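Chemist: In terms of our numbering, the sequence shown opens at residue 2 and continues consecutively.
Quick caveat, the hints were computed from the structure, so don't treat them as lab data.
None of these values were measured; they are calculated from a predicted model.
Positions of the beta carbon are idealized from the N, C-alpha and C atoms, including for glycine.
One or more hints might be untrue.
Cβ-Cβ distance ranges computed for the label pairs, FRET-style [what the hints assert, rightly or not]: (1) Arg208 to Val13: 19 to 25 Å; (2) Val17 to Phe58: 34 to 40 Å; (3) Gly109 to Arg208: 47 to 53 Å; (4) Arg44 to Tyr177: 37 to 43 Å; (5) Trp151 to Ser110: 33 to 39 Å; (6) Phe21 to Tyr152: 24 to 30 Å; (7) His88 to Ser120: 16 to 22 Å; (8) Pro86 to Ser183: 43 to 49 Å.
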Amino acid sequence: MLLFSCIPQKNVRSAVDFNFGWRFALSDNPQYSDPDFDDTPWRELHLPHDWSIEGSFDRNNPSTPSGGALPGGIGWYRKTFDAAPRHGTRVCLEFDGVFMNSSVYVNGSLLGTRPYGYSSFCYDITDVLRDGRNVVAVRCDNSEQPNSRWYAGCGIYRDVRLVTVPEVHVRYNGMYVTTEGSEVTARAEVCGEAESLEFVVADARGRTVASKAAE
Numbered sequence: 002m003l004l005f006s007c008i009p010q011k012n013v014r015s016a017v018d019f020n021f022g023w024r025f026a027l028s029d030n031p032q033y034s035d036p037d038f039d040d041t042p043w044r045e046l047h048l049p050h051d052w053s054i055e056g057s058f059d060r061n062n063p064s065t066p067s068g069g070a071l072p073g074g075i076g077w078y079r080k081t082f083d084a085a086p087r088h089g090t091r092v093c094l095e096f097d098g099v100f101m102n103s104s105v106y107v108n109g110s111l112l113g114t115r116p117y118g119y120s121s122f123c124y125d126i127t128d129v130l131r132d133g134r135n136v137v138a139v140r141c142d143n144s145e146q147p148n149s150r151w152y153a154g155c156g157i158y159r160d161v162r163l164v165t166v167p168e169v170h171v172r173y174n175g176m177y178v179t180t181e182g183s184e185v186t187a188r189a190e191v192c193g194e195a196e197s198l199e200f201v202v203a204d205a206r207g208r209t210v211a212s213k214a215a216e
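Make the full structure from the sequences, and use the hints.
Modeler: Structure (structure tokens):
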């Protein structure tokens, strides 16, 4: 086990399950990203979700039989949540998988578009977060078919987390470890300015077996 620390560290990473309380519509409209849009008629659901499997099998669907013979299309997800940003922290949304071509908005601001469906990704939402009511909207575009040699599904098909980290933290997927024999090489991409950095290697019981300050 390799641990990484920024010293001193007044806050710790916390992750909240963000899978519950979403609304969904299998349609497309740019107004859906508006935080004031009325989504109460939309279907309520919990993630993970795949709208394609809810459709009808048809060999004439654009996905073709090799892609599951199920419909694709464009769908939107929205979730309203409360937040109270704390000084010295950053707040991020982590998506383990959205199929596919997802665009993520928070309070009407586009955070980015992910032109893929199988990899995880993360957006820092701190600068668009409000104290109180917030709205996240996710557009999933799986209309261009066929695009896979197997059934891939449609929608937010993996977990989502709301993560709070210290101002100084390891970037999402920013830890790299390689080994050669008994030698361990570790590298970390750090956000923010740390007074000091330390890598710690621990065994299965959590006992420190090696440590080194970053150069």
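Chemist: Work down the list of hints and note, for each, if the structure agrees.
Modeler: Hints, one by one, checked against the model:
1. Take Arg208 and Val13: their Cβ atoms lie about 20 Å apart, and the range 19 to 25 Å holds.
2. Range check, Val17 to Phe58: about 37 Å between beta-carbon atoms, so the 34 to 40 Å window is met.
3. Checking the proposed 47 to 53 Å range against Gly109 and Arg208 shows it holds: the Cβ atoms sit about 49 Å from each other.
4. One distance hint, 37 to 43 Å for the beta-carbon pair Arg44 and Tyr177, holds here, with the actual separation near 41 Å.
5. Range check, Trp151 to Ser110: Cβ separation about 35 Å, and the 33 to 39 Å hint holds.
6. The hinted window of 24 to 30 Å between Phe21 and Tyr152 holds, with their beta carbons roughly 26 Å apart.
7. For His88 paired with Ser120, a C-beta distance near 32 Å fails the hint of 16 to 22 Å.
8. Our hint of 43 to 49 Å for Pro86 and Ser183 holds, since their Cβ atoms are close to 44 Å apart.
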